[in-house]
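The sequence shown runs 1 to 224 under my numbering.
To be clear, the hints were calculated from the coordinates, so they are not data collected in a lab.
Pairwise CB distance ranges (calculated):
(1) 191 / 95: 33 to 43 Å
(2) 12 / 111: 22 to 32 Å
(3) 92 / 191: 32 to 42 Å
(4) 77 / 50: 20 to 30 Å
(5) 212 / 22: 18 to 28 Å
(6) 2 / 208: 35 to 45 Å
Ideal Cβ placement from N, Cα and C applies to all residues, glycine included.
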Amino acid sequence: MSEHWAVIPVKGLTDSKTRLSSFLGERKKLLVEALLQDVLSSILRSRVYDKVLVVSPDDSVSALARTDSLSFLGQTGLGLNRAIEQANKLALKENARSLTTILADIPFAEPRDFTELFHLGDGDRRAVLVPSLKGGTNVMTTRPPGVIRPSYGRWSYAKHLRQAQLSGLAAYSVSNPRISFDVDSVKDLIELKRRDPDARTMSAKALREIWQTPSPARLSSIAE
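Given these sequences and hints, build the entire structure.
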C-alpha cells in the first residue's frame, strides 16, 4: 500500500507560465518541462514518498510521467485547486496517510529538503507548509489527505495556515530559501540565471538554450 504520496500538479506544457509567453514564445515549453524535471528528480532522489503522482489535463505531460517511478492522473476539472482535490480524493480512496502537494516550478529544491519536511512533526493530524516568496504555498503536506481544502491563488499560504489552525492540526511553517523560490516572471528568470550561473539545474540549462537562440531584442537585454 502506498501510504505517503507526493502530488505534482501541472497545468500543461503550453498553458503554464502564461506571463512568460511574450518573452519566451514557443520556447517556453522547454523551460516548463525543465522545471518539472528538476522537481521530479529531487522528489524521487529523496526516496521518502511511496507514490509520486503527476496530475495534469495535458496528455503530453503523461509522456514525462509514465515511468516505473512515477504515476500520472489525467485531470478532469479546471484549475490547480481542482487538480489537488482530485488527487486528495484518490489518495483517500487508496487509504494514503499523507499527501504532499509540490508545485512544479521550484528548481532549487533538493532531496534533503523533502526528507526534512517529511520527518517534521509527530502524530497523524498535522500540516507542514513552505511559503513562497510571494505569499503562495510551494509545498504543503497534510495528514490525512484532504484535511485542508486547497486554496491556491493569491495569498494561499495564509489561507492554508488558517485552515490548518481552525482544523486543530499541528501546523508547521518552514522557511526554506530553495523551496520558496519559484519561477513565474521575467524577474524570476533573471534570478534563476544569477543563482545558477553554471547551469547545474535543468531549468537553468533550458533558459541558457532559449537565450542563445534567435529571439526578440528585449530578451537579449534581459539576458545581459
